[in-house]
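Chemist: As a plain string of letters, each chain reads:
Protein chains: 2
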Amino acid sequence: MQKAALPKGTRDFSPEVMKRRKFITTTIESVYKKFGFDPIETPAMEKLSTLTGKYGDEGDTLLFKVLDSGDFLAKADQEALNNKDSNKLIPSVASKGLRYDLTVPFARYVVQNQTHITFPFRRYQMQPVWRADRPQKGRYREFWQCDADVIGTKSLLCEADFIKIYHEVFSTLGLGNYELRLNHRKALEAIAKTCGFEGSFTALTVAIDKLDKIGWEGVSNELLSKGMDHSGVETLKQLLNKVDFDQQALDLLSKILTDSKEKDIAIEELSTVLGFIRSTGIRLKLDLSLARGLDYYTGCIFEATIPGSGIGSVSGGGRYDDLTGIFGLKDVSGVGISFGLDRIYDVMLAADLFKEVEQETKVLFCHFDESALLYGINLADKLREAGIASVVYSDRKKINKQFDYAHKCNFPYVAVIGDDEMANGVVQLKNMATGKQEKLTVTDLIERLK
Amino acid sequence: MQKAALPKGTRDFSPEVMKRRKFITTTIESVYKKFGFDPIETPAMEKLSTLTGKYGDEGDTLLFKVLDSGDFLAKADQEALNNKDSNKLIPSVASKGLRYDLTVPFARYVVQNQTHITFPFRRYQMQPVWRADRPQKGRYREFWQCDADVIGTKSLLCEADFIKIYHEVFSTLGLGNYELRLNHRKALEAIAKTCGFEGSFTALTVAIDKLDKIGWEGVSNELLSKGMDHSGVETLKQLLNKVDFDQQALDLLSKILTDSKEKDIAIEELSTVLGFIRSTGIRLKLDLSLARGLDYYTGCIFEATIPGSGIGSVSGGGRYDDLTGIFGLKDVSGVGISFGLDRIYDVMLAADLFKEVEQETKVLFCHFDESALLYGINLADKLREAGIASVVYSDRKKINKQFDYAHKCNFPYVAVIGDDEMANGVVQLKNMATGKQEKLTVTDLIERLK
Numbered sequence: 002m003q004k005a006a007l008p009k010g011t012r013d014f015s016p017e018v019m020k021r022r023k024f025i026t027t028t029i030e031s032v033y034k035k036f037g038f039d040p041i042e043t044p045a046m047e048k049l050s051t052l053t054g055k056y057g058d059e060g061d062t063l064l065f066k067v068l069d070s071g072d073f074l075a076k077a078d079q080e081a082l083n084n085k086d087s088n089k090l091i092p093s094v095a096s097k098g099l100r101y102d103l104t105v106p107f108a109r110y111v112v113q114n115q116t117h118i119t120f121p122f123r124r125y126q127m128q129p130v131w132r133a134d135r136p137q138k139g140r141y142r143e144f145w146q147c148d149a150d151v152i153g154t155k156s157l158l159c160e161a162d163f164i165k166i167y168h169e170v171f172s173t174l175g176l177g178n179y180e181l182r183l184n185h186r187k188a189l190e191a192i193a194k195t196c197g198f199e200g201s202f203t204a205l206t207v208a209i210d211k212l213d214k215i216g217w218e219g220v221s222n223e224l225l226s227k228g229m230d231h232s233g234v235e236t237l238k239q240l241l242n243k244v245d246f247d248q249q250a251l252d253l254l255s256k257i258l259t260d261s262k263e264k265d266i267a268i269e270e271l272s273t274v275l276g277f278i279r280s281t282g283i284r285l286k287l288d289l290s291l292a293r294g295l296d297y298y299t300g301c302i303f304e305a306t307i308p309g310s311g312i313g314s315v316s317g318g319g320r321y322d323d324l325t326g327i328f329g330l331k332d333v334s335g336v337g338i339s340f341g342l343d344r345i346y347d348v349m350l351a352a353d354l355f356k357e358v359e360q361e362t363k364v365l366f367c368h369f370d371e372s373a374l375l376y377g378i379n380l381a382d383k384l385r386e387a388g389i390a391s392v393v394y395s396d397r398k399k400i401n402k403q404f405d406y407a408h409k410c411n412f413p414y415v416a417v418i419g420d421d422e423m424a425n426g427v428v429q430l431k432n433m434a435t436g437k438q439e440k441l442t443v444t445d446l447i448e449r450l451k
Numbered sequence: 002m003q004k005a006a007l008p009k010g011t012r013d014f015s016p017e018v019m020k021r022r023k024f025i026t027t028t029i030e031s032v033y034k035k036f037g038f039d040p041i042e043t044p045a046m047e048k049l050s051t052l053t054g055k056y057g058d059e060g061d062t063l064l065f066k067v068l069d070s071g072d073f074l075a076k077a078d079q080e081a082l083n084n085k086d087s088n089k090l091i092p093s094v095a096s097k098g099l100r101y102d103l104t105v106p107f108a109r110y111v112v113q114n115q116t117h118i119t120f121p122f123r124r125y126q127m128q129p130v131w132r133a134d135r136p137q138k139g140r141y142r143e144f145w146q147c148d149a150d151v152i153g154t155k156s157l158l159c160e161a162d163f164i165k166i167y168h169e170v171f172s173t174l175g176l177g178n179y180e181l182r183l184n185h186r187k188a189l190e191a192i193a194k195t196c197g198f199e200g201s202f203t204a205l206t207v208a209i210d211k212l213d214k215i216g217w218e219g220v221s222n223e224l225l226s227k228g229m230d231h232s233g234v235e236t237l238k239q240l241l242n243k244v245d246f247d248q249q250a251l252d253l254l255s256k257i258l259t260d261s262k263e264k265d266i267a268i269e270e271l272s273t274v275l276g277f278i279r280s281t282g283i284r285l286k287l288d289l290s291l292a293r294g295l296d297y298y299t300g301c302i303f304e305a306t307i308p309g310s311g312i313g314s315v316s317g318g319g320r321y322d323d324l325t326g327i328f329g330l331k332d333v334s335g336v337g338i339s340f341g342l343d344r345i346y347d348v349m350l351a352a353d354l355f356k357e358v359e360q361e362t363k364v365l366f367c368h369f370d371e372s373a374l375l376y377g378i379n380l381a382d383k384l385r386e387a388g389i390a391s392v393v394y395s396d397r398k399k400i401n402k403q404f405d406y407a408h409k410c411n412f413p414y415v416a417v418i419g420d421d422e423m424a425n426g427v428v429q430l431k432n433m434a435t436g437k438q439e440k441l442t443v444t445d446l447i448e449r450l451k
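Top to bottom, those sequences are chains A and B. Its first residue numbered 2, the first sequence is counted upward by one per residue in the numbering used here. Its first residue numbered 2, the second sequence is counted upward by one per residue in the numbering used here.
Treat the hints as calculated values from the structure; they're not laboratory data. Among the clues, some could well be false.
A pair holds if it fits inside one copy or across any two, identical chains being indistinguishable in the list.
[What the hints assert, rightly or not] DSSO-like mimics (lysine-lysine), calculated; alpha carbons at most 27 Å apart, straight line:
1. K23 with K9
2. K55 with K9
3. K356 with K20
4. K398 with K155
5. K155 with K402
6. K89 with K55
7. K398 with K262
8. K138 with K55
9. K165 with K356
10. K48 with K89
11. K256 with K399
12. K85 with K48
13. K4 with K331
14. K55 with K331
15. K4 with K155
16. K211 with K227
17. K155 with K383
18. K398 with K34
19. K85 with K399
With these hints in hand, go ahead and build the complete structure from the sequences.
Modeler: This is the structure:
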C-alpha cells in the first residue's frame with residue numbers, strides 16, 4: 002500500500018477553496034477584460050534555455066527541470082557525469098523546465114508570434130508557476146500569477162490603467178485598505194547622482210531595498226561603509242520617506258534632486274501618470290525606496306501590499322524597455338503587473354473576507370422507494386433544463402440518511418417524494434435554512450428555485 | 002540572441018484560440034455544475050511513486066519526471082549511475098513527476114482527504130496533463146482533460162447522469178452527431194465464458210480491441226490461433242455488432258450469452274441504466290467490442306466519438322470498483338468520464354463550428370490631441386464603471402492609424418473625440434460593421450453599448 006501524499010510545497014484545492022479562488026480569479030479577469038485585455042496561455046514547460054539566466058543565479062537553482070525522456074544517460078555530458086557535477090550535467094539531461102513566472106514566457110510568446118500580433122498588445126494570463134523555493138508562510142512551490150501587460154507602446158496611459166486596475170480589483174475583493182507604492186527607475190538613478198553614488202547604483206539599490214528589514218540606521222551605515230559621504234546620506238534620508246503621490250511630492254522631489262537627464266525623465270513621466278489619474282481620486286504612495294526587480298524594469302515600478310496582513314507584496318509590476326530583446330525583438334517597450342492569487346487568498350482568509358461559499362446545487366431529491374426515485378429523476382431533468390442545478394440522491398437509503406447528506410453538502414433545498422406527492426403530481430420542498438416546507442407543482446418548483 | 006521556440010508537442014494559445022477553448026470548457030463546466038458536481042484542483046507535480054505503475058509499462062516511460070533540486074548526483078543510485086542505467090537511476094534523482102491524467106491524482110486526493118469528504122462525492126476537475134508521447138494529429142504533450150467523477154456509491158443513477166451529461170455537452174457544442182458507445186466489463190467476461198475463453202480474458206479483449214484496425218477477419222484469425230474454437234468465434238461475431246442500446250439489444254444479448262454470474266450482473270445493470278434514461282430519448286450504442294482501459298474499469302464503460310472527424314475518442318470513462326485501494330482506501334466504488342478539450346477543439350475547428358470570436362472590448366476611444374485624450378480617458382472610466390469594456394488608444398498618432406488599430410483588433414465601435422465633440426459634451430460613435438456614425442452624450446453612449 003502506498004501512502005497518499007503530495008510533494009512538499011504543493012497543495013490540493015477542495016471545492017470550498019476552489020470556489021473562493023475562483024472568486025478572486027474571476028474578479029481579476031473581469032477587471033482585466035473591462036480594460037481591454039485579451040487572454041493567452043503558454044505551456045507549463047518551456048525550453049530550459051528560455052528560462053535559465055533570466056532570474057539571476059538564485060533563480061536558476063529554483064527552476065524545476067524536467068528530465069529528458071528515454072536513455073538520458075547515454076547523451077549526458079560525460080565529463081560532468083564523471084566529476085559528479087550536478088549543475089553542469091543539467092543542460093545535457095534536462096532540456097525543459099517548468100515556467101518560473103509568466104513574464105519571460107510572455108516575452109517569448111510575443112517574439113514567436115510577432116507577425117500575428119497587433120501592437121500595442123494588451124494580454125492577460127492567469128496560470129500556475131513553479132519555484133523550488135523553501136516553502137513557508139505565503140510561499141508555495143506551485144502558485145498562481147495573474148498577469149496583465151501592454152506591449153508595444155511607451156504611453157504612460159498604460160501605467161494609469163494599471164493604477165485603476167489595482168484600485169478596482171482590490172476594492173472589489175474587499176481589500177480597499179491596500180497600499181499601492183510607485184517608484185521610477187530613473188528617479189533611483191537620479192538619486193544615485195544626487196548622492197554622489199552614480200558609479201555604485203547597484204550598491205545603492207541593494208542597500209535601500211533592505212530599509213524594511215534593517216531600518217534607516219542600517220541602510221545609512223551600509224552606504225557610509227560603501228563610501229557615500231554624510232551629505233549624500235542626509236539627502237537620501239529626505240528622499241526615502243514614503244509620501245502621498247501628488248504634485249507636492251513631485252515638486253519636493255524636483256527640488257532635492259540635482260539636475261540630470263534621469264531626473265527630467267522621472268519627473269516628467271511621474272507627472273504625466275499623475276495627470277492621467279487625477280480625476281479618479283485614487284490614492285497611492287510615492288516610495289523611492291521601492292527597488293524591486295530592477296533587473297528588467299526601466300520606468301515606473303509598482304508594488305501593492307495589504308497593511309497589517311503580515312504577508313509581503315501581493316502584486317507588483319513595472320515598465321520594461323527591452324524584455325523581448327533577448328529573443329531578438331529589439332526596442333519594444335512594455336509594462337505589466339502581476340497579482341499573486343495565493344497570497345491574496347491567504348490575506349483574505351485571515352481577514353475573514355470570504356462570504357460563505359454558496360452551494361450552487363440548489364436541490365437534492367430524496368425518495369422513499371424505486372418509483373419515487375424514477376419520479377425524482379424526471380423532475381431533476383426538468384429543473385436542469387431550466388438551468389437549476391440539482392441532484393437526485395443516488396442510493397436507496399432511509400430518508401434521514403438522505404437528509405444528513407443534504408445537510409453535510411449544504412444543499413439549500415430538499416425535495417421529498419413519496420406516494421402522496423406522486424399521486425398529486427407535486428413535491429414537498431423543504432428550505433433547509435428556515436425549515437419551512439411547502440407542496441409545489443413542477444412549474445412552481447422551477448419558479449421558486451430559479 | 003536566443004531563438005524563441007517551444008518544447009516539442011506543446012503549444013501557445015492566442016486570444017482567439019483561448020476564447021474558443023473557453024467556450025468549450027465553460028460549456029462542460031456549466032453542465033457539470035447543473036448535475037451537482039463541485040470543482041477541485043490538484044498540483045501539476047505528484048510524487049513519482051504516486052504515478053508509476055498506474056498506467057502500465059508504456060505509461061511509465063511516458064511520464065515526465067522532474068529532476069530533484071540541488072546536488073542530485075550525490076544521492077543518486079551509484080550502481081545505476083555506473084551501469085549507465087537511465088531507467089534504474091530515475092527514482093533516485095527524480096522524486097516528482099507531472100500528472101499523466103486526472104484520475105490517479107483524484108484517487109490520491111480522495112484517500113488523503115477522506116475525513117473531510119461527504120460521500121457520494123461528486124467532483125469535476127479541468128486541468129492540463131502531460132505525456133511524453135510522440136506528437137501527432139490530435140495528440141499533444143500538454144493537453145487538457147475535463148473530468149467528472151462520483152465516488153462512494155454503486156448507484157447506476159450516476160451512469161445515467163453521465164449519459165445525460167454527454168448528451169447535453171455535445172449538443173450544446175454543436176456536436177449533436179456524436180456517437181456514445183456503452184459496454185460493460187462483466188458482459189465482456191460473460192462473453193469470454195460463452196465463447197469458451199474464460200481463462201484467456203486478456204487475449205480476448207486484446208483481440209477485439211483491434212476490431213477497428215484489423216477488421217473481423219483479423220480478430221477471428223487471432224482468436225482461432227489463440228485456441229478459440231469455430232463455434233466460439235461464430236458466437237462472438239454475433240455479439241460484436243454495434244447496436245442501438247435498447248431492450249431488444251439486451252434481450253438478444255441475454256439469449257446469446259450462456260448463464261453466468263457475470264451475465265446476470267451485466268444484464269441487470271445495463272437494464273437499470275436503460276430504465277433511468279428511457280424517458281430522455283437519448284440514443285446510444287451498445288458496443289461489446291469496446292474494451293478500453295480495462296485495467297481499472299469494472300462495470301459500465303463509455304466512449305464517445307464524432308463520426309467522420311478522423312479523430313479517435315473525444316471522451317471516455319467508466320466505473321471502477323477499487324481505484325483508491327492502492328492508496329489504502331478499500332471498497333469505494335466510483336464512476337467517471339473525461340472530455341478531451343484539445344480533441345474536441347480540433348474536431349470543432351475542422352467542422353467550422355466556432356462562431357466568430359466576439360471582441361469583448363466594445364469601443365476604442367480615438368483622439369486628435371492631448372485634451373481629447375484626457376477627455377477620452379474620462380469617458381472610458383465612465384463606461385467601465387457601467388461594465389462596458391473600453392480602451393483609449395494609448396499613443397498620439399494620426400487618426401487613421403488609430404482606426405487601423407480598431408480594425409485589426411475587431412473593436413465593434415470607435416468613439417472619436419475632437420474639439421467639436423468636447424465643446425458639445427458628446428462623442429462621435431462609429432459602428433465599425435455598418436459604418437454608421439452618430440453623435441451621442443455619455444448617457445446615450447452607455448445606453449447604446451450596454
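Chemist: The structure should be examined with respect to each hint, and the outcome stated for every one.
Modeler: Hint-by-hint comparison with the structure:
For the homomeric pair K23 and K9, the shortest alpha-carbon distance inside one copy (24 Å) is at most 27 Å, but the shortest distance between copies (31 Å) is not. Proximity of K55 to K9 under the C-alpha cut-off of 27 Å is found in both arrangements, the shortest distances being 25 Å within a copy and 22 Å between copies. Taking identical chains as interchangeable, the C-alpha atoms of K356 and K20 lie at most 27 Å apart only when both belong to the same chain, with a minimum of 11 Å there against 29 Å between chains. Taking the shortest Cα distances, K398 and K155 sit within 27 Å of each other only across copies (13 Å), while inside one copy they are farther apart (67 Å).
In this assembly of identical chains, the alpha carbons of K155 and K402 lie at most 27 Å apart only when taken from different copies (16 Å versus 64 Å within one copy). In the homo-oligomer, the alpha carbons of K89 and K55 lie at most 27 Å apart inside one protomer (18 Å), although the nearest pairing across protomers, at 33 Å, exceeds that limit. Taking the shortest Cα distances, K398 and K262 sit within 27 Å of each other only across copies (26 Å), while inside one copy they are farther apart (80 Å). In this assembly of identical chains, the alpha carbons of K138 and K55 lie at most 27 Å apart only when taken from the same copy (25 Å versus 34 Å across copies).
In this assembly of identical chains, the alpha carbons of K165 and K356 lie at most 27 Å apart only when taken from the same copy (25 Å versus 33 Å across copies). In this assembly of identical chains, the alpha carbons of K48 and K89 lie at most 27 Å apart whether taken from the same copy (17 Å) or from different copies (25 Å). Proximity of K256 to K399 under the C-alpha cut-off of 27 Å is found in neither arrangement, the shortest distances being 81 Å within a copy and 37 Å between copies. For the identical chains of this complex, K85 and K48 are neighbours both inside a copy (24 Å) and across copies (25 Å), given an alpha-carbon limit of 27 Å.
In the homo-oligomer, the alpha carbons of K4 and K331 lie at most 27 Å apart only across protomers (13 Å), although the nearest pairing inside one protomer, at 51 Å, exceeds that limit. In the homo-oligomer, the alpha carbons of K55 and K331 lie at most 27 Å apart inside one protomer (17 Å), although the nearest pairing across protomers, at 48 Å, exceeds that limit. In this assembly of identical chains, K4 and K155 lie within 27 Å of each other by CA distance solely across copies; the values are 25 Å between and 54 Å within a copy. Taking identical chains as interchangeable, the C-alpha atoms of K211 and K227 lie at most 27 Å apart only when both belong to the same chain, with a minimum of 15 Å there against 76 Å between chains.
For the homomeric pair K155 and K383, the shortest alpha-carbon distance between copies (24 Å) is at most 27 Å, but the shortest distance inside one copy (55 Å) is not. Within a single copy, K398 and K34 get their C-alpha atoms only as close as 48 Å, which misses the 27 Å cut-off; across copies the closest is 24 Å, which meets it. Taking the shortest Cα distances, K85 and K399 never come within 27 Å of each other, neither inside one copy (65 Å) nor across copies (62 Å).
The earlier numbered hints that this structure contradicts are 11 and 19.
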